[in-house]
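Asker: Sequence:
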Amino acid sequence: MAGPAHRRPAPAVLLDDNDEITPALEAALRAIFARFDADKDGYLNVTELQAFAVATNDREFDQDTLDQIQEFFADDAKLPEIMLAVDGFMDMYHLQTQSDEAETRKDLHRLGFDDQLKPVVTSTPAAATAAPSSSS
Numbered sequence: 001m002a003g004p005a006h007r008r009p010a011p012a013v014l015l016d017d018n019d020e021i022t023p024a025l026e027a028a029l030r031a032i033f034a035r036f037d038a039d040k041d042g043y044l045n046v047t048e049l050q051a052f053a054v055a056t057n058d059r060e061f062d063q064d065t066l067d068q069i070q071e072f073f074a075d076d077a078k079l080p081e082i083m084l085a086v087d088g089f090m091d092m093y094h095l096q097t098q099s100d101e102a103e104t105r106k107d108l109h110r111l112g113f114d115d116q117l118k119p120v121v122t123s124t125p126a127a128a129t130a131a132p133s134s135s136s
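Just so you know, UniProt numbering puts 126 at position 126 of the sequence shown, and the rest follows in order with no gaps.
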């Protein structure tokens with residue numbers, strides 16, 4: 001006889017009743033931003049943005065997309081460089097989530113978050129063999 005059915009919890013809510021980013025999504029996005037801010041200056045430059053694009057979409061942003069990021073989300077004080085601060089990153093994801101929540105969820109999964117917006121912990125074969133046991 002089969003055991004009791006295990007229900008998967010409902011996916012975490014990404015936007016609240018006021019259409020704002022939930023605290024759980026904000027925490028996940030801040031962690032993602034920090035991961036790609038390689039030089040830890042509080043901004044994603046073009047190189048860091050392209051690394052983010054490849055991680056989420058397997059390809060770099062085209063020039064049109066970079067121009068849109070610069071126009072709508074980047075820090076104007078840093079022009080002519082494209083420098084995306086965490087607030088702009090949040091705004092970018094807020095807009096995407098409003099128009100295509102499935103795309104945001106796909107990005108989150110690709111970047112290592114589960115449906116509850118918790119980091120997915122994966123074990124590596126090296127970790128399993130790091131401490132061999134002694135049989136003597």
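Hints should not be assumed to be uniformly reliable.
Using C-beta positions, here's what the derived DEER-type ranges look like [to be verified]:
1. D100 x A55: 24 to 32 angstroms
2. N57 x R8: 21 to 29 angstroms
3. T47 x A77: 15 to 23 angstroms
4. D76 x A10: 22 to 30 angstroms
5. D76 x T122: 20 to 28 angstroms
6. D76 x D114: 22 to 30 angstroms
7. L95 x D115: 18 to 26 angstroms
Calculated pairs, DSSO-like style, for lysine-lysine (alpha carbon to alpha carbon, straight line, at most 27 angstroms) [stated by the list, open to error]:
8. K106 x K40
9. K78 x K106
10. K106 x K118
11. K40 x K118
For the record, the hints were derived by calculation from the structure and aren't laboratory data.
By construction, the Cβ of each residue, glycine as well, lies at the ideal position given by its N, Cα and C atoms.
Asker: With reference to the structure, classify each hint as holding or not holding.
Answerer: Hints versus structure:
no., hint, in the structure
1, D100 x A55: 24 to 32 angstroms, "violated (18 angstroms)"
2, N57 x R8: 21 to 29 angstroms, "holds (26 angstroms)"
3, T47 x A77: 15 to 23 angstroms, "holds (20 angstroms)"
4, D76 x A10: 22 to 30 angstroms, "violated (39 angstroms)"
5, D76 x T122: 20 to 28 angstroms, "violated (39 angstroms)"
6, D76 x D114: 22 to 30 angstroms, "violated (36 angstroms)"
7, L95 x D115: 18 to 26 angstroms, "holds (22 angstroms)"
8, K106 x K40, "holds (26 angstroms)"
9, K78 x K106, "violated (30 angstroms)"
10, K106 x K118, "holds (14 angstroms)"
11, K40 x K118, "holds (23 angstroms)"
Hints 1, 4, 5, 6, 9 from the earlier list are contradicted by this structure; the remaining hints agree with it.
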